[in-house]
Structures are given as C-alpha cells and as structure tokens.
Amino acid sequence: MMKRLVLAAAAAALMSSSAFAQDAANYPNQPVTIIVPFSAGGPTDTVARLVAESMSRDLGQQVLIQNVGGAGGTLGAGQVAKAEPNGYTLLIHHIGMSTAPTLYRQLEFNPTEDFTPIGQITSVPMTIVSRKDFEPADAASLVTYLKENGADTTYAHAGIGSASHLCGMLLQEAIGVQMVTVPYQGAAPAMTDIVGGQVDVLCDQTTNTTNQIKAGEVKAYAVTTAERLQSLPDLPTTAEAGLPTLDIAVWHGLYGPKGLDPAIVTKLEGALQKALADPKVGERFAELGTKPVTAEEATPASLTEELTSQIALWKPIIEKAGQFAD
Amino acid sequence: MDLLSNLALGFETAFTPVNLLWCFVGVLLGTLVGVLPGIGPTATIAMLLPITFTFSPVTALIMLSGIYYGAQYGGSTTAILINLPGESSSAVTAIDGYQMARKGRAGQALATAAIGSFIAGSVATLILAVAAPPLARVALNFGAAEYFALLVLGLLVSISLAHGSVLKALAMICLGLVLGSVGQDVTTGTPRFTMGFQELYGGINFVSLAVGMFGVAEIFRNLETERSREVGVKSSFSLWLTREDWRRIAGPIARGTGLGSVLGILPGGGHVLASFASYSAEKNLSKNPKEFGQGAIEGVAGPESANNAAAQTSFIPLLTLGIPAHPVMALIVGAFILQGITPGPNVINDQPALFWGIIASMWIGNAMLVILNLPLIGLWVKMLTVPYRVLFPAIVIFASIGCYSINNNPFDVYAIAVFGVLGYVLIRLGCEPAPLLLGFVLGPLLEENLRRAMIISRGDPTVFLTRPISATLLAMGLACIIIAVLPAMRSKRAQVFVEDD
Numbered sequence: 001m002m003k004r005l006v007l008a009a010a011a012a013a014l015m016s017s018s019a020f021a022q023d024a025a026n027y028p029n030q031p032v033t034i035i036v037p038f039s040a041g042g043p044t045d046t047v048a049r050l051v052a053e054s055m056s057r058d059l060g061q062q063v064l065i066q067n068v069g070g071a072g073g074t075l076g077a078g079q080v081a082k083a084e085p086n087g088y089t090l091l092i093h094h095i096g097m098s099t100a101p102t103l104y105r106q107l108e109f110n111p112t113e114d115f116t117p118i119g120q121i122t123s124v125p126m127t128i129v130s131r132k133d134f135e136p137a138d139a140a141s142l143v144t145y146l147k148e149n150g151a152d153t154t155y156a157h158a159g160i161g162s163a164s165h166l167c168g169m170l171l172q173e174a175i176g177v178q179m180v181t182v183p184y185q186g187a188a189p190a191m192t193d194i195v196g197g198q199v200d201v202l203c204d205q206t207t208n209t210t211n212q213i214k215a216g217e218v219k220a221y222a223v224t225t226a227e228r229l230q231s232l233p234d235l236p237t238t239a240e241a242g243l244p245t246l247d248i249a250v251w252h253g254l255y256g257p258k259g260l261d262p263a264i265v266t267k268l269e270g271a272l273q274k275a276l277a278d279p280k281v282g283e284r285f286a287e288l289g290t291k292p293v294t295a296e297e298a299t300p301a302s303l304t305e306e307l308t309s310q311i312a313l314w315k316p317i318i319e320k321a322g323q324f325a326d
Numbered sequence: 001m002d003l004l005s006n007l008a009l010g011f012e013t014a015f016t017p018v019n020l021l022w023c024f025v026g027v028l029l030g031t032l033v034g035v036l037p038g039i040g041p042t043a044t045i046a047m048l049l050p051i052t053f054t055f056s057p058v059t060a061l062i063m064l065s066g067i068y069y070g071a072q073y074g075g076s077t078t079a080i081l082i083n084l085p086g087e088s089s090s091a092v093t094a095i096d097g098y099q100m101a102r103k104g105r106a107g108q109a110l111a112t113a114a115i116g117s118f119i120a121g122s123v124a125t126l127i128l129a130v131a132a133p134p135l136a137r138v139a140l141n142f143g144a145a146e147y148f149a150l151l152v153l154g155l156l157v158s159i160s161l162a163h164g165s166v167l168k169a170l171a172m173i174c175l176g177l178v179l180g181s182v183g184q185d186v187t188t189g190t191p192r193f194t195m196g197f198q199e200l201y202g203g204i205n206f207v208s209l210a211v212g213m214f215g216v217a218e219i220f221r222n223l224e225t226e227r228s229r230e231v232g233v234k235s236s237f238s239l240w241l242t243r244e245d246w247r248r249i250a251g252p253i254a255r256g257t258g259l260g261s262v263l264g265i266l267p268g269g270g271h272v273l274a275s276f277a278s279y280s281a282e283k284n285l286s287k288n289p290k291e292f293g294q295g296a297i298e299g300v301a302g303p304e305s306a307n308n309a310a311a312q313t314s315f316i317p318l319l320t321l322g323i324p325a326h327p328v329m330a331l332i333v334g335a336f337i338l339q340g341i342t343p344g345p346n347v348i349n350d351q352p353a354l355f356w357g358i359i360a361s362m363w364i365g366n367a368m369l370v371i372l373n374l375p376l377i378g379l380w381v382k383m384l385t386v387p388y389r390v391l392f393p394a395i396v397i398f399a400s401i402g403c404y405s406i407n408n409n410p411f412d413v414y415a416i417a418v419f420g421v422l423g424y425v426l427i428r429l430g431c432e433p434a435p436l437l438l439g440f441v442l443g444p445l446l447e448e449n450l451r452r453a454m455i456i457s458r459g460d461p462t463v464f465l466t467r468p469i470s471a472t473l474l475a476m477g478l479a480c481i482i483i484a485v486l487p488a489m490r491s492k493r494a495q496v497f498v499e500d501d
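Chains A and B, in that order, are what the protein sequence lines are.
Take the first sequence: its position 92, counting from 1, is numbered 92 in our numbering, and each next residue is one higher.
Take the second sequence: its position 274, counting from 1, is numbered 274 in our numbering, and each next residue is one higher.
I should point out that these hints are in silico values taken from the structure, not numbers from a laboratory.
Please note that a few of the clues may not be correct.
[As the list claims (entries may be wrong)] So the derived label-pair ranges between C-beta atoms look like this: (1) A:Lys320 / B:Ala417: 39 to 47 angstroms; (2) A:Gly270 / B:Ala417: 40 to 48 angstroms; (3) B:Asp2 / A:Lys132: 24 to 32 angstroms.
The beta-carbon is built from N, C-alpha and C at its ideal position, and this holds for glycine as well.
Next up, chain A with everything else stripped away, as it sits in the complex (with noise of 0.2 angstroms):
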C-alpha cells in the first residue's frame, strides 16, 4: 500500500512540473481547474457547471470545477489571484467580486489589478418574495406597506455581503427605512423561514426562487432587472414598482490570474463564447430564470467595465450602510 502510495505521489509530482513547460500555441494540453469560490450545489456552481462542461468540448480538454468556499468568496479568489498564470486555474465569480473590496477592509488582492478578465457569463435576476400570508397583495402596496410598516418587518438574508445582503441594502435604500434584518447561513435555510411563515421579506436569486413562487409556496412582488422574466411573465419590474433605483442582477465573470498570455485569453474567451451559444446552456439558464450574456459582453473589455462600474456602484452604498465582513 505505501509502494504505491510513493508511486501516486511520484506521478502527481511529475503531471504538475510538467505545468511549468507550456507555451499558448499548444494550450490547452491538460486538464483546466476553474475555482468556484462558493460551495458545490449552489447557484454560481451551478451556472460554472454548465458553462465547463461546454467549454471542455471546445477546448478538447477536461474543464474541471473546484470549489473553494469560505469568507465570502475571498478565498477561492485570492487562491486564483496568487495561482500560476498558465491558463490552467482560472475564477469564476459574482457580483461578489466588486463587493469584496468594499465589505472586506483587509483584503489580501485586488479585483482591478490581480487578475486577467476573459468574459462575462450571466446576469441571474433577483426577486422579491415574502411569506405567502404577509399582508400586502401586490409590489406598490408592498412599497407603502414598508414605508409605514419597515421597522416592524424582517428581511432574511443569506449572510453578510451575500447577493440577498446587497438586494436588501438597496431595497432599504430605496424605501427609506430600517428593516430588521435576519441573517442565515445561506440561501436555503433563509427560503426556508419564508416558506415557513417565520420571516417577512427575502430578495433572491431566481435560481432560488422561481419554483417556490411558482408554487404558491411564497408571495412574489416584484423583478429586480430592467425586464420582466420570461419564467414569471407576470411579476412586474422595480421600476415599474415605483422603485427604479432597486436595480440589481447577480453577474458572472470568468477571470485568470494576472498576466495571463493573450493568446490564452483568446483562445478561452472563444470557448467561453462558443458555450454561451450553446443551446443546451440557454435551455438550462433559462431553467435558472437567465440567459447567458451576448457574445459582446463575454469579453475581457466588457467584465472590466462592468467589474470597475460595479465597484464604484456599490462603495458608498456598503458604507453608508456601514455593514463590513471582515
């Protein structure tokens, strides 16, 4: 058993020196690790999911996913940030990403400078949901109810700097009052207090949404993006809501280390695009109430704008909030 336990070290030795004698014109020649910062089974792991398994027919190479959860995903990111830059470990991260550097004080990289942009993938939209016996019947008399009623009302949040978190800052923003705020661990058990009639408000994901409203097992309101969803053709928008300033999608960026080689870039903003066209990744985005991002935005000048005008966004609302993670 240690002969060959030896053994499986001796080869797992000689498969990762061999990462250090590439060159772009035969990348990629093994397998590609994309660091999912968030744990399996959720819904950034899933849309990375999709999008490397479609990727690894283009690229003629395994794409594999490795989550590396923890701290809000700084953890996973900052493990990219400091990787090889080879093409072979690369990020996918949200919204998250132009937070960090507002809501963690102490981070150890930097978004705008530490790593490669290759493309944006989707933009998940979020919705408002309440237990299914709360009072107000529709998104203008949950506006006035809130405005009257906020302080007495409780909203459920997946944790600090969370998608649900930013969702709820703006909706207070927006609102003018102070809810209470109930934090989780997570999406789930948060779904599961409305669910269960134990708290008011959550503003989430689609991805975790869609089936319960459709359900009836919770009461929606409204959509959090410009459009209406094709899912839930007849929830209206923020806007139409009397809240435009409650604008907010959960985005995906792919991302390398910094440094990366352009013709690597390249090569993985095709596969990227390719895998976005596929239809059986609409299929199943539009399954998770999205759609994947236009062949324009999955590219690195598009995630770069988007990531700097994200952060700029959403500084002052984190300060003025005054709610930090670290």
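We have chain A; now place chain B onto it with these hints.
What follows is chain B alone, placed relative to chain A:
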C-alpha cells in the same frame, strides 16, 4: 390505493437494469468513501456531478442518493475499528464501538451497525413514502426559537455521553462550544478568534477536529505502548450475534429509528442531534449504564440506527419543498438543477416517476448495502492484522488527503496535527473527546438560533416560553435536570442523616 400504485411506479422505475446498476455503484462508492476517513459524501458527490450530466435525471439522483446513505453505512467502520470517525454521527458510534473492537468484538459491532442501519433505513424510507408532504409542513413550524430549545434539550441530555467524571464532561462541552465559536460571526460578519488567518473565517473544520481528537490522539496513545499494543481484534473474526446480543439490540434499534426519523425531518440541523440523542436515551434507559463507554452493544445499535433513519428522512424537506437540510442535500439540489429540474413542491406531481423512483431505490439500495456490508466485515476486521507501523502512517495519510479534499484548504491539514496533540493531552488528563465534539457541533447552531430568535422577537426573551413547541422542549429539558439531580440530592440527604445519627 394511491400509495400502492405510486410505489409500483417507483419500483418499475428503480428496477430497470441501468438504475439498479448505478444504485449499486452509488452505494458501493458511498460505503468506500464512508470507510475512508475524511473523504465524505460531499467531496465524492461534488467530484461525480460532471459524470451524471450524461445520465437521465432519475438515474443520476438514484446514484447520488446512494452515495449519501451508503456513506452513512461505511462511516461507522473506521470509527469502530480504529477510533476514527469521519462525521459527528460516527463519533458517537466510536465511543462504544471502538471499545467493543478492543475487546475482540469488532465483528459484532460492525454487524450491529449494519443491521441497525438496514432496519432504520427501511422504516424511515417507508415514512418518507407514506407521509413526506405533511411531515415537511410540520417541520416548517420549527423556527429559530424551537431549534434553540431543541438544542438546549440536546445538550442537557447528552451530558451522559461521558462515562467518567460529569465535571470533566461539562468542561469538555464548554471547550467544544469555545472552539465552535471560531470564525466569522453570522450576524455581523466580525471574525472571531481567527488570529488574522482568512482560512479560519469559516470556522474550524469538523473533520479535522474529529480526525485529530479521536484518530490521531488514539495513534499517539497506541504508540506510547507500542510494545504491548493490543491488536484490536486478535482473536475473534466471528460476526455472528448471540441470542443475547439480538435481545439487547432490538430495543435500541427501534428507539433509534424513531428518534432519528423525527429529528431527520427538521431541516435546520435536527439530523446532527440524532445519534447523540439516541445514545443518551439508551444510556439512561439501560439497566447497566456503567457498561456504556466500555463496549455496550446498545451504544452502537441505537446511534447507528438513529443516524441512518435521519439520513433517510432528511430527504423529506428536499423532495417535498426543495429545501436542503445540510450540505450534502444542497449538492443534490445542484444535481437536480444541472439535470434541468428545480426541486420544489411541484416535483411529486410533475415528476412522479422521479420522486417514487428515488424512494423505491432507497429500499433497494439499503438491501444492497446490507448484503454488501456483512461479507465485507470480515475483510475490514482483517485490516487490523496489518502491522501497526504500516497501518498508522496509512491512516494519517488518508485522513490528511480526505480533510484536504473537503475545501482544498491546507489549513485543515495543519488542524489535524494540532488537535491530535490536544486530543492526546486530554486523554492523558482523563477527559473524553465525545462531549467536546458535541459542544463543537451544537454550539454554533445554538448561538445562531438564539440570536436569530432574539432578532425576530425584537429582543423579547419570553418568545422561548410563549411559543408552544419551544416551551414544551424547554420544560422537558428542565425535567431532565430534575430527574438527574433528584436521586443525588436524596442520597446526599440520606448521608447527612446517617452522619447526624
């Protein structure tokens, strides 16, 4: 009858050759990863998710579920043989299971675990089939206040986990609570006791703690007496239970199944209490509580049944409401979504073949597991005849690989070493690791639910008494203390009178 036609549909689905094959692959893989310390079902399911892309949804979910409950079977093996539990439930099994192994009864301990698990798994699956939707509704009445009360009750009754000094057990629970508070505060995000390490933001890894405190500490203890080390099972390779054994395990299996089924339904962490609760119940009901901790077969039968029953009923919130009760269930949600099915209340009606197919496959899987595991016991027991100088480095290496594979975090491997040393020191001081582990597991849940209940009630502490379920649970806790303290007080008073004479 509806149920019968539904089950017929389920078995029709599960009995196709391809589903039978992958069900078997799932439970086999589950058993194997359960046996390897550290590498648990979470890592395995995450690794195998890409493979299931090409399967039909029902086949994929049958296999992934099989890995999960298969791992519950396998998890007890290393706990019994080498005192190396891979999860909180098998930490309880290790208490008496390892002592049985030291007395040459490893075969019986493993057989008891397999039989208990099989019976519990079958009964819990029946509950799942008959009453899943209404039970899930009941479970939703459990809010933060109720979970807090349940956890308090759990902590109170489980002081009996210790077989030595009660004071030391209390100290260990407190140490566990303190270790459990390491990491980011859920409510405010403030890091606590992280000493500047971002790796500690998520808290100390449970598997590192368990592997260190139990397994590695035990290795140190064994190496100390290497010359005279008892090889766990030198004499008996027999796994047959005597008539007396059967009589002793019947009650614990029945009660464990009941307790585990009920606790498993609660999505907010009921399943972690199952084996602890069952152990406490058996110890308190036993005529010879002194035997517990010295190799009582009831201490293996009860918790193992409870654990497996809870594993099965924890599918209820997932399948009926789309709510995952723990990380493994969250992964299975991921598998559903990758297959294009969003789990939720609609699954039963929209996908009856899927829902009933999974349920039917659980019976088949449980039967496969018992057929697979009973012959394997002989093989596992033989493992103990491997010379220790070969065995212990292998244990350490596998445990380290397993811990690393959970989060790919090197910190978790360092933690094994730290807790190994700490565990050894505690053994030498006569302190037991099980209560510490309990405090560590329940502490964060206790804090989270206490604070959440207080936030929701706007700081009104009477919420624990005005909500009926919570009040009842706390009253039961109070009754436990009174029952535990009364005899002691009476005997003390008697002594006082004697001295007065």
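Evaluated hints:
1. A:Lys320 / B:Ala417: 39 to 47 angstroms: holds (45 angstroms)
2. A:Gly270 / B:Ala417: 40 to 48 angstroms: holds (46 angstroms)
3. B:Asp2 / A:Lys132: 24 to 32 angstroms: holds (26 angstroms)
Comparing the model with each numbered hint stated earlier shows that all of them hold.
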